[in-house]
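Trainee: Kindly generate the complete structure, drawing on both the sequences and the hints.
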Amino acid sequence: MESIKLEHGPSEEQLAKLGARGWPIWTKEVSTFPWHYDEREICYLLEGDVIVTPAEGGGAPVRIQAGDLVTFPAGLSCTWEVRSPVRKHYRFG
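Here the sequence shown is numbered in this note's numbering, starting from 1 and rising by one per residue.
Label pairs and their in silico Cβ distance ranges:
hint: 1; residue 1: 71; residue 2: 30; range: 21 to 31 angstroms
hint: 2; residue 1: 57; residue 2: 19; range: 31 to 41 angstroms
hint: 3; residue 1: 57; residue 2: 12; range: 32 to 42 angstroms
In case anyone wonders, no lab produced these hints; they're calculated from the structure.
Note that CB positions come from ideal geometry on N, CA and C, so glycine has one too.
Mentor: Next up, the structure:
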């Protein structure tokens, strides 16, 4: 299985090329919950602090913070630990 791809501080040029600022916005309060990705998701965190822990065999936990661009592979099962409220742009596919 592919791993979570994390890029700290992508350039505005890169975000513009992706169209990230036009993607829908998702928000989530402080919480912990399981999640499964049926398809690939790319997201850009505007606010928040999260630790995403892949299910067994899926790799090491990843800390995601405001300003990070993240790609979650299709088929990934994980647990999200939202340590401070999240606000992110996201796109599936």
